[in-house]
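A.B. asks: Residues per chain are reported as follows:
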Amino acid sequence: MTVLNLLIVVCLSYVVLLFAVAFGADRAARLGRGSWLRSPIVYTLSLSIYCTAWTFYGAVGFAARSGLEFVTIYLGPTLVMIGWWWTLRRLVRVGRSQRITSIADLISSRYGKSNLLAVLVTVLAVVATTPYIALQLQSVTLSFAAFAETDPTATTLPDMQSTALWVAVGLALFTILFGTRNLDANERHHGVVMAIAMEAVVKLCALLAVGVFVVWGLAGGVAGTLERIEASGISRFEVSGARWVGLTMLSAMALLCLPRMFQVMVVENEHEDHLRTAAWAFPGYLLLMSLFVLPIAALGLDLLPTGANPDLFVLTLPLMEGRDGLAILSFLGGFSSATSMVIVAAIALSTMVSNHVVMPLWLHYSGTAAMVSGDMRNVALMARRLSIAGVLFLGYVYFRISGGGTALAAIGLIAFVGVAQFLPALMGGLFWRGATRTGALAGISIGAAVWLYCLFLPSFGPEMVVPQSVFDHGLFGLSWLRPRALFGAEGMDPVIHALMWSMLLNLAAFILGSLLSFPLPLERLQGAQFVNAVEHSGTQAGWSGGMAQSEDLLIMAQRIMGAHEAQALFAAAARRQGVAGYLPEPGPDFIQELERALAGSVGAATAHAMIAQIVGGTAVSVSDLMAVADETAQIMEYSSRLEVQSQELARTARQLRQTNEMLTHISVQKDEFLSQISHELRTPMTSIRAFSEILRDTGDLGPEEQKKYAAIIHDETVRLTRLLDDLLDLSVLENGQVDLNIQSGSLTGLLDRAVRAAGGETGDFVIRRDRKAEQIELTTDLDRLAQVFINLISNAHKYCEAQPAVLTIRPEVNGTQLVVDFIDNGSGIQASKQAMIFEKFSRIGVSKAGGAGLGLAICREIMARLGGDISYLPGQKGAAFRVRLPLEIDGPASQQGRSKEIRSKETDSP
Amino acid sequence: MSPERLPVFLARRHYRRRRVADAARLLPLTGAILFCLPLVWKGSPEGASTVGAMLFVFGLWVVLVVLSAVIARHLRADETEHPARDGAAEERPDTS
Numbered sequence: 000m001t002v003l004n005l006l007i008v009v010c011l012s013y014v015v016l017l018f019a020v021a022f023g024a025d026r027a028a029r030l031g032r033g034s035w036l037r038s039p040i041v042y043t044l045s046l047s048i049y050c051t052a053w054t055f056y057g058a059v060g061f062a063a064r065s066g067l068e069f070v071t072i073y074l075g076p077t078l079v080m081i082g083w084w085w086t087l088r089r090l091v092r093v094g095r096s097q098r099i100t101s102i103a104d105l106i107s108s109r110y111g112k113s114n115l116l117a118v119l120v121t122v123l124a125v126v127a128t129t130p131y132i133a134l135q136l137q138s139v140t141l142s143f144a145a146f147a148e149t150d151p152t153a154t155t156l157p158d159m160q161s162t163a164l165w166v167a168v169g170l171a172l173f174t175i176l177f178g179t180r181n182l183d184a185n186e187r188h189h190g191v192v193m194a195i196a197m198e199a200v201v202k203l204c205a206l207l208a209v210g211v212f213v214v215w216g217l218a219g220g221v222a223g224t225l226e227r228i229e230a231s232g233i234s235r236f237e238v239s240g241a242r243w244v245g246l247t248m249l250s251a252m253a254l255l256c257l258p259r260m261f262q263v264m265v266v267e268n269e270h271e272d273h274l275r276t277a278a279w280a281f282p283g284y285l286l287l288m289s290l291f292v293l294p295i296a297a298l299g300l301d302l303l304p305t306g307a308n309p310d311l312f313v314l315t316l317p318l319m320e321g322r323d324g325l326a327i328l329s330f331l332g333g334f335s336s337a338t339s340m341v342i343v344a345a346i347a348l349s350t351m352v353s354n355h356v357v358m359p360l361w362l363h364y365s366g367t368a369a370m371v372s373g374d375m376r377n378v379a380l381m382a383r384r385l386s387i388a389g390v391l392f393l394g395y396v397y398f399r400i401s402g403g404g405t406a407l408a409a410i411g412l413i414a415f416v417g418v419a420q421f422l423p424a425l426m427g428g429l430f431w432r433g434a435t436r437t438g439a440l441a442g443i444s445i446g447a448a449v450w451l452y453c454l455f456l457p458s459f460g461p462e463m464v465v466p467q468s469v470f471d472h473g474l475f476g477l478s479w480l481r482p483r484a485l486f487g488a489e490g491m492d493p494v495i496h497a498l499m500w501s502m503l504l505n506l507a508a509f510i511l512g513s514l515l516s517f518p519l520p521l522e523r524l525q526g527a528q529f530v531n532a533v534e535h536s537g538t539q540a541g542w543s544g545g546m547a548q549s550e551d552l553l554i555m556a557q558r559i560m561g562a563h564e565a566q567a568l569f570a571a572a573a574r575r576q577g578v579a580g581y582l583p584e585p586g587p588d589f590i591q592e593l594e595r596a597l598a599g600s601v602g603a604a605t606a607h608a609m610i611a612q613i614v615g616g617t618a619v620s621v622s623d624l625m626a627v628a629d630e631t632a633q634i635m636e637y638s639s640r641l642e643v644q645s646q647e648l649a650r651t652a653r654q655l656r657q658t659n660e661m662l663t664h665i666s667v668q669k670d671e672f673l674s675q676i677s678h679e680l681r682t683p684m685t686s687i688r689a690f691s692e693i694l695r696d697t698g699d700l701g702p703e704e705q706k707k708y709a710a711i712i713h714d715e716t717v718r719l720t721r722l723l724d725d726l727l728d729l730s731v732l733e734n735g736q737v738d739l740n741i742q743s744g745s746l747t748g749l750l751d752r753a754v755r756a757a758g759g760e761t762g763d764f765v766i767r768r769d770r771k772a773e774q775i776e777l778t779t780d781l782d783r784l785a786q787v788f789i790n791l792i793s794n795a796h797k798y799c800e801a802q803p804a805v806l807t808i809r810p811e812v813n814g815t816q817l818v819v820d821f822i823d824n825g826s827g828i829q830a831s832k833q834a835m836i837f838e839k840f841s842r843i844g845v846s847k848a849g850g851a852g853l854g855l856a857i858c859r860e861i862m863a864r865l866g867g868d869i870s871y872l873p874g875q876k877g878a879a880f881r882v883r884l885p886l887e888i889d890g891p892a893s894q895q896g897r898s899k900e901i902r903s904k905e906t907d908s909p
Numbered sequence: 000m001s002p003e004r005l006p007v008f009l010a011r012r013h014y015r016r017r018r019v020a021d022a023a024r025l026l027p028l029t030g031a032i033l034f035c036l037p038l039v040w041k042g043s044p045e046g047a048s049t050v051g052a053m054l055f056v057f058g059l060w061v062v063l064v065v066l067s068a069v070i071a072r073h074l075r076a077d078e079t080e081h082p083a084r085d086g087a088a089e090e091r092p093d094t095s
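The listed protein sequences correspond, in order, to chains A and L.
Read in order, the letters of the first sequence are residues 0 to 909 in numbering that gives the first Met the number 0.
Read in order, the letters of the second sequence are residues 0 to 95 in numbering that gives the first Met the number 0.
A hint or two may mislead.
Derived CB-CB ranges, DEER-like [what the hints assert, rightly or not]: (1) L:LEU33 x A:ALA567: 47 to 57 Å; (2) L:VAL61 x A:SER38: 18 to 28 Å; (3) L:VAL61 x A:ARG574: 51 to 61 Å; (4) L:VAL61 x A:GLY220: 14 to 24 Å; (5) A:TRP35 x L:VAL61: 25 to 35 Å; (6) A:LEU456 x L:LEU33: 44 to 54 Å.
Derived contacts from chain A toward chain L, CB cut-off under 8 Å, selection only [as the list claims (entries may be wrong)]: (7) LEU74; (8) SER234; (9) ARG235.
Covered stretches of chain L (chain A as the covering partner; in silico rule of three or more C-beta atoms under 8 Å from a C-beta of chain A) [what the hints assert, rightly or not]: (10) 18-26; (11) 32-39; (12) 48-56; (13) 61-67.
Calculated directly from the structure, the hints in this document are not laboratory data.
Glycine included, C-beta positions come from ideal geometry on N, C-alpha and C.
Could you build the full structure based on these sequences and the hints that come with them?
C.D. replies: Here is the structure:
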């Protein structure tokens with residue numbers, strides 16, 4: 000097998016291994032195993048996507064051209080990391096507490112959840128990152144070509160373009176598969192993080208292996224290596240001060256601002272404490288990555304023929320010496336660097352594009368936004384997937400157009416300057432309360448414009464985008480507008496020149512804009528939150544809402560987060576508030592919690608807009624204003640506390656009033672029931688009496704008539720017995736004296752039985768079932784459970800007024816719990832009645848008197864005995880009931896214990 | 000700020016922790032200044048050699064990594080003991 004074929008095989012197996020690692024990690028995380036996935040070491044390794052192929056191959060090339068200067072690219076991040084107490088700690092804390100999904104989201108959240116700002120940041124990030132992705136594609140194809148050249152048996156050289164295309168397609172596939180598993184961008188992508196952590200180890204080992212080979216294998220030890228460096232063309236330390244300081248600063252800024260770094264550092268951060276480890280481990284990693292760069296560069300300059308591409312020394316040195324294994328390892332190192340960067344960058348950019356560009360547009364054009372029907376979750380996920388494919392496609396197109404020339408190699412630093420434009424708005428937002436949206440918009444726009452004009456567009460070369468005349472005489476012939484000598488700053492290094500002017504003008508515009516404008520209330524609140532993140536978590540803009548909106552909120556949340564997560568969130572909030580069911584009081588705390596949860600999926604600006612559509616405006620309360628004004632006068636604090644207390648009182652009073660209403664209602668119902676039960680008892684009694692009198696007193700009745708009257712008497716007694724049975728059943732259940740008859744059986748059989756007993760399907764009553772999902776074995780009192788099902792099915796039959804009535808039965812296993820939903824397509828139950836339906840004697844729709852209103856009360860008691868519950872599920876199309884019970888009921892002993900306990904509690908309570 | 004909220008004397012441990020945090024803040028500044036030192040050597044008549052600068056930069060780098068590890072360790076050790084100690088002093092926001 001030739002080296003090239005071997006390389007292809009190794010490379011493909013490596014890709015398979017990556018998929019396996021990502022898949023395994025995702026699986027482990029889903030099953031709740033794998034606490035090691037959340038270790039600080041994995042976090043630190045994931046940060047290593049800072050070292051892209053540009054640094055893996057390019058650092059040696061950089062060193063071969065300008066000596067020790069290459070190290071500045073690593074010194075900046077080192078300084079930022081060891082200074083984590085200043086900035087990163089705050090950044091990560093804000094990111095976690097506000098459920099930030101990207102750098103665009105952070106900046107937009109800070110400045111009053113402005114989507115305009117988010118779009119600006121997104122566009123700039125895409126413009127700056129696309130060439131960088133192209134650079135990674137180029138490095139993979141170049142290194143592949145380097146192998147092909149040394150292989151004499153290879154008849155045809157692999158086509159550069161097709162290699163790049165395959166790499167791009169593979170990366171898109173991987174990223175879509177593992178990067179868009181869940182909508183909540185704030186959730187961790189364990190698979191992706193694990194894969195890039197593994198790639199981090201591979202690239203470090205590869206570079207160290209090549210370094211060890213060069214130092215001890217080629218140069219004969221440390222002393223020999225130092226001699227070689229002294230003898231090489233880079234022996235003098237001739238770095239310009241401006242570039243040394245400027246590039247260090249630039250790389251430090253880039254570490255904070257690069258979208259992909261923000262993704263792994265802040266968004267994927269599992270625990271703030273991980274920063275402590277990363278604070279020394281990541282600088283250590285960078286140190287090891289750059290340790291052998293100078294020796295490799297010096298030896299490469301010495302041993303390889305002049306004119307060899309110094310960017311590929313890492314690969315060509317082992318190849319030249321015939322160390323094919325080492326060369327393949329080195330190739331894998333470069334491959335890892337390129338792929339991990341592209342994957343994370345694509346995830347970061349796609350989150351930004353879908354949350355800040357696609358979703359707002361979709362919401363805008365799909366009509367009435369938050370309340371339209373249909374699942375938005377799929378739209379958002381699809382938007383994200385398409386964005387990933389789009390970003391990679393753009394990178395590939397850029398690669399094709401630029402032709403993979405040397406212009407591309409310089410793009411690394413150019414991209415750094417581009418993203419550095421976020422820094423004033425980012426840091427100003429974290430540390431300066433006075434920073435405003437206007438300032439941030441002005442700063443980023445002007446900085447980006449200067450960057451485009453002075454660095455990015457000229458980087459394509461004269462006459463490509465910018466005409467030569469502009470280079471020589473400036474825009475419109477104004478000599479102070481020459482792109483390489485702005486304001487007459489001639490003779491400067493182009494990168495430093497652009498960095499200086501763009502940052503100075505950016506900063507000036509940011510500060511001036513902030514000083515001259517006046518922020519909106521929401522901006523000021525967010526500012527207070529962000530700036531004081533470390534000291535205390537402060538208050539946010541309060542929402543105020545009424546009960547009627549709870550259900551709307553649930554419907555919206557279900558569509559974005561998925562029914563499961565939304566219901567769990569609402570139920571948990573309701574439990575905390577002490578309210579039964581799924582609809583919590585929409586107090587400010589709850590709405591804020593919901594907004595943050597939504598922000599994790601669609602970004603802060605969109606989430607805010609959607610909630611505002613339902614709830615109305617934002618109410619700024621006294622305590623919020625206090626946070627803005629920063630007046631810590633105790634009197635204000637006291638009054639705000641009073642306000643909180645009075646709100647609390649009002650809420651309690653409202654709950655009490657509700658309870659009182661319910662009690663009164665029940666009392667009225669009880670009276671009604673008593674009169675009704677008397678009526679129900681008297682009607683059959685009357686006819687029994689009448690007909691038995693006829694039978695007794697009338698002598699000449701024919702046998703036909705006798706039979707008829709006896710049948711009537713029999714029917715009436717059956718009716719009486721049924722009523723008394725129900726009453727008895729309920730009282731037995733309530734007193735906990737029931738013996739459960741525990742059996743095992745399948746849910747399918749049970750439902751079949753229940754449907755049959757409830758009268759089965761008829762022309763105008765259709766039951767939709769999912770027989771595949773019903774293959775569930777359960778151990779419980781099947782007869783009692785069947786009784787509940789029969790009741791629910793016949794209720795739907797009786798009360799659902801749709802034509803035809805359709806009842807959907809949807810079972811689902813949730814851990815050790817079985818959840819069965821019964822949803823019909825009728826008009827549902829009014830919110831005001833929902834609390835009442837499980838009460839005894841309650842009947843909805845008096846006109847359709849079917850039973851005595853005991854059915855659901857009995858169901859509730861049965862479910863409590865089976866260790867589960869039954870509840871009304873709001874937010875569906877029609878009436879919906881959710882039955883929940885354990886798949887396997889506790890042993891009879893504990894069951895008895897529990898019923899005894901219930902009994903004693905009940906006897907204690909009066 | 001009333002004197003009652005910010006006492007003049009802090010518990011010894013708390014005082015120590017604040018000084019470690021100060022050290023954590025100073026470390027990057029010190030590093031940044033020292034990393035610029037090779038630029039000064041260029042002025043000497045015989046110029047600076049890459050090997051010399053390289054040894055200095057990498058040596059300093061190792062020292063910074065070690066110092067950062069030590070500081071991070073101490074900041075962690077102190078914070079885990081946080082809830083164990085008397086509450087009143089801890090309620091106060093860290094003035095970082």
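A.B. asks: Work down the list of hints and note, for each, if the structure agrees.
C.D. replies: Status of each hint after checking the structure:
1. Distance hint for LEU33 (chain L) and ALA567 (chain A): a CB-CB separation of about 53 Å, consistent with the stated range 47 to 57 Å.
2. The hinted range of 18 to 28 Å is satisfied by VAL61 (chain L) and SER38 (chain A), whose Cβ atoms lie roughly 24 Å apart.
3. A beta carbon spacing of about 54 Å between VAL61 (chain L) and ARG574 (chain A) agrees with the range 51 to 61 Å that was offered as a hint.
4. Taking the beta carbon of each, VAL61 (chain L) and GLY220 (chain A) are about 20 Å apart, inside 14 to 24 Å as hinted.
5. Checking the proposed 25 to 35 Å range against TRP35 (chain A) and VAL61 (chain L) shows it holds: the Cβ atoms sit about 28 Å from each other.
6. LEU456 (chain A) and LEU33 (chain L) have their C-beta atoms about 38 Å apart, which leaves the hinted 44 to 54 Å range violated.
7. Against a cut-off of 8 Å between C-beta atoms, the interface hint on LEU74 (chain A) holds, since the closest Cβ of chain L lies about 6 Å away.
8. The beta carbon of SER234 (chain A) is positioned within 8 Å of a beta carbon in chain L (closest approach about 5 Å), and the interface hint is therefore held.
9. The criterion of a C-beta within 8 Å of any C-beta in chain L is met by ARG235 (chain A), whose closest approach is roughly 6 Å, and the hint holds.
10. Closer than 8 Å: that is the beta-carbon criterion, and the region 18-26 of chain L has 4 residues meeting it against chain A, so the requirement of 3 holds.
11. Coverage of the region 32-39 of chain L by chain A holds [criterion: at least 3 residues with CB-CB distance below 8 Å; count 4].
12. Under the rule that three or more residues need a Cβ within less than 8 Å of chain A, the assignment of the region 48-56 of chain L holds, with 7 such residues.
13. For the region 61-67 of chain L, the stated coverage by chain A holds: 6 residues have a C-beta nearer than 8 Å to a C-beta of that chain, and at least 3 were required.
Of the hints listed earlier, the one the structure fails to meet is number 6.
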